[in-house]
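Engineer: Take the sequence shown: its letter number 263 is residue 263 in our numbering, and every next letter is one higher.
Think of the hints as simulated: they come from the structure by calculation, not from any bench. Don't be surprised by glycine CBs; every beta carbon is placed ideally from N, CA and C. Treat the hints with care, as some may be off.
[Said to hold, decoys possible] Computed Cβ-Cβ distance ranges for the label pairs, DEER-style:
no., residue 1, residue 2, range
1, A22, G98, 16 to 22 Å
2, E88, G264, 24 to 30 Å
3, G264, E189, 18 to 24 Å
4, A113, S68, 32 to 38 Å
5, Q135, G203, 36 to 42 Å
6, G251, R160, 33 to 39 Å
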Amino acid sequence: MPRFAANLSMMYTEVDFFDRFAAASADGFEAVEYLFPYAYDAAELRRRLDEHGLRQVLFNAPPGAWESGERGIASLPGREGELRSGIERALEYAVVLGCGQVHVMAGLLPPQAASAQQAAHRATYLGNLAWAAEQAAAAGVDQLIEPINGRDMPGYFLHRQAEAHAIVQEVGAANLKVQLDLYHCQIVEGDLTTTLRRDLPTGRVGHLQIAGVPDRHEPDRGELDVRHLFDVVDELGFEGWIGCEYIPRAGTSEGLGWLKNYRGERT
C-alpha cells in the first residue's frame, strides 16, 4: 500500500502552521513534508512531530531569496559559498527532525541563456550536488533534485526526468536521488505509467509527489487516474512516500475523499 505524506505548506492552511501537524494526524497521515523549516525552531518542530506520531520525510534546502523570486541556487555560478552554508543549515535541521531527505533546488536560468551559459550552470550544478551529497552522506541524508514544469516556474533549470536521472548518474553519489512529482511530469512529458515502470526500479527515485492536473488541486479529477498510478507504484514495490503537494479547493479535510476511498478499496 502506498504511503502518503501531507504537505503542510499547501494543505491545512486554514489553521496556523503548528496546528497543521495535529490536523494531518487526525486525518490519518503518518508523515509530513513542507517547503522550508527555517522560520521555526527545530526542537519545536520535532516536538510537534513526536506529539502527533508523525515522521518528517522531506523539506527543501534554503533556496536563496525566495521572496524576491529566486527558486534555488545550486546551478548559479558565484553562489557556491551561499549554497554550502545553506546545505549545512539544512542538514542541521534534518538531523534534529529525523528527516532522511532534503530537496536541493536548482534555480532559474537567465532568459534566453546561451549554450555557454547553460554549460556553466550545469557544471556549477554538478559540482554543488557532488559536494552536497558528500556532506549529506555523513549525516545519513539523501539529497533530491526535482524536474519542475516551466508553466508554473518559468526558467527553472531542470524540466525532464531523463535530465535528472542523467545528472544523478553523472554525479555518481548513492545518496543523490530524483524527486518525481507526477503533477510536474504530466505537464512536461506525460506518459506517467511508463515513467514509473522505467524509473522506480532503478532505485534512483527517492520521493514521489501528487496533485491534480491541470489545476493543482486534489487529484480526484482532471487528467490523472490516480487509482491506477497508485496501483502501479504499489506493484513496483516503491518504499518511499507520496507527498500530497496540492492546493485544496476548500477545506483540506473535506477534500480527502479521494484518499479515504483509495485506502478503503485497498484494505
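Engineer: Is the gap between the beta carbons of A113 and S68 within 32 to 38 Å?
Structural biologist: For S68 against A113, whose Cβ atoms are near 19 Å apart, the range 32 to 38 Å is violated.
Engineer: Could you say whether the range 16 to 22 Å given as a hint is met by the Cβ separation of A22 and G98?
Structural biologist: holds, 19 Å
Engineer: Given the hint of 36 to 42 Å, is the C-beta distance from Q135 to G203 inside that range or not?
Structural biologist: violated, 21 Å
Engineer: Are G264 and E189 spaced within 18 to 24 Å by their CB atoms?
Structural biologist: violated, 32 Å
Engineer: Has the hinted range 33 to 39 Å been met by the Cβ atoms of G251 and R160?
Structural biologist: holds, 35 Å
Engineer: Is the gap between the beta carbons of E88 and G264 within 24 to 30 Å?
Structural biologist: Check failed, 44 Å falls outside 24 to 30 Å.
Of the hints listed earlier, those the structure fails to meet are numbers 2, 3, 4 and 5, in rising order.
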